[in-house]
Amino acid sequence: MRLRKPELSTDVVKSKRNGLFVVTITSLVLFVVLICVLILADIFYLLHWSIGFAEFWEILTSPQVLDCLRRSFVTSFIALLLVVVTAVPVGYALSRYRFFGHSIINTFVDMPIVLPPVVLGISLLAFFGSPLGSWIKEGLQHYGISLVSSVGIVMCQYIVSVSYCIRAVKASFDNVDKHLEHAALTLGCSQGQAFWCVTLPLARNGLIAGGIMAWARAIGVFGPLMVFVGTGSRVQVMPTNMWLELNVGNIENALVVSLITMAMASIALVCVHCMAPGRKWV
Amino acid sequence: MLQIKNTSLRAGDFTVSNINLTVASKEYFVLMGPTGSGKSLLVKAICGIIPIQNGSIHIDGKDVTNFEPRRRQVGYVPQNSSLFPHLSVADNIIFPLKFRNINKKNATKKIQPIVDALNISSLLERTTLNLSGGEQQKVALARALSFSPKLLILDEPVSALDEPTRCEICVLLKTIQRDFSITTVHICHNLEEARIVSDRIAIISQGRIVQTDTFENLINNPKVEIVKKILRLKGKD
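Chains A and B, in that order, give the protein sequences. The first sequence lines up with residues 1 to 282 when you count with my numbering. The second sequence lines up with residues 1 to 237 when you count with my numbering.
Don't read these hints as lab results, they were simulated from the structure. Bear in mind that the values here come from a model prediction, so they are computed numbers and not experimental data. Any given hint could turn out to be false.
Said to hold, decoys possible - Label pairs and their calculated CB-CB ranges:
1) B:Asn6 x A:Lys178: 20 to 30 Å
2) B:Asp60 x A:Val270: 48 to 58 Å
3) A:Asn106 x B:Pro51: 19 to 29 Å
4) A:Val118 x B:Gln206: 54 to 64 Å
5) A:Ile136 x B:Ser132: 58 to 68 Å
6) A:Asp177 x B:Lys229: 29 to 39 Å
7) B:Ser56 x A:Leu125: 55 to 65 Å
8) B:Asp60 x A:Asp177: 24 to 34 Å
9) A:Ser266 x B:Ser132: 37 to 47 Å
10) B:Pro51 x A:Gly101: 18 to 28 Å
11) B:Pro51 x A:Phe100: 13 to 23 Å
12) B:Phe14 x A:Leu81: 41 to 51 Å
13) B:Ser56 x A:Asp177: 25 to 35 Å
What the hints assert, rightly or not - Okay, the calculated bits of chain B under chain A, using three or more residues with CB under 8 Å as the criterion:
14) 25-36
15) 82-92
16) 116-122
What the hints assert, rightly or not - Cross-link-like lysine-lysine pairs, in silico, BS3-like; alpha carbons within 27 Å at most:
17) A:Lys178 x B:Lys98
18) A:Lys178 x B:Lys109
19) B:Lys104 x B:Lys150
20) B:Lys109 x B:Lys98
From the three backbone atoms N, C-alpha and C, an ideal C-beta is built for every residue, glycine too.
Construct all of the structure, not just a fragment, from the sequences and the given hints.
This is the structure we're talking about:
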């Protein structure tokens, strides 16, 4: 007796697919609307209080806001440099080598991503209260460097953002076929040359995308800064400035700074998107 | 040219043990065996990509056991050709010469006979991403030959190609080996491929070399059961 192959009703498949399509696309649209509403709310609030472009520009170019912007940019770029210097070797080691405790270390590297940012600030505070931390702090003070300065800001930005970059860089190195490195070694490269001439150029996009993500994260750091360096005028960056403006009731000023932050985050996202292979805009 | 003495190596649970092999100068030597028999592992050890546990490897009379890959003078064509996707075909071929202090102009001149022999001059300005399988293998071969290695190792160079292209590339490989007088070790598990290119064949099974002889002698006088099995099974391909 021959068994008949079960037949699938194409209508059932089609209707199920349509149902799934409707549910997922509706969720997607609702989410995009939510983000747009949040962004537009800032703009409408400013317009409601008759804050036009002239007033917006006046707030933006005020010495205090410009000072925060400059400090945010300088510190976040220094943090980015340190992040990249850390992420490239760490990401490569996690991607290429297998050693005792690899899985634990691989998980441990993500710790700053999952910890509440304030906890990182408290940990920094605790570390510089310990004998080793005190010794480092005194050493820095000997050279006239205080932790309640741009140095402290960079430390907070670094510790919060470094794991994001490591994760992106590791994924990027994972995607580079290690046989290419083997081929390079037999063709005359040392291990360093194979890394520099083959692996790094092939991982470049992921590395840049990871760097941009880390920078965007660094420029938005708030919790650790509140705990570790405070809100003094010499250590104010954009997030702390927004918080202070809100505290004294200057919601317009806070919104102007938040719009600038949003604009920068959008530019960063566009840059990350540009780095993705086979990118499409429409 | 190539001497492997009492060599053992290990990768995970798999062991290639007590390999003794001699390949004469300008010989086309085929290493043949079923999938998972240790062929690729052995050639990676010859190239210096993976370390051996004991024994020694000599190339051109020199003990290279502890040499890093770049000092072994081995041209290696991996299984998947492993062309660098961020470089053009021309830059892939002159890649090894960059690390031998040869400038681009001289390098381009030096690779010309190889490019002509492989008939790939029309590909030079293209990226490697849209090459066919046969073209990729030709470019990988040109790259491996560009620095005039003492030994050429081809790890299943035609296994991913269709039948007509496979035969064409096999004939080309044999011609190149003769024209450039280069000692070649070719890994495969296809009997017809081995027949076309080989001067001698070593049969490897479960990490051990079980018989080494010419194609005709292996067919006429297989000494152990596994050789019969491999040859018979492969003969049906």
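Earlier hints that do not hold, by number: 14, 16 and 18
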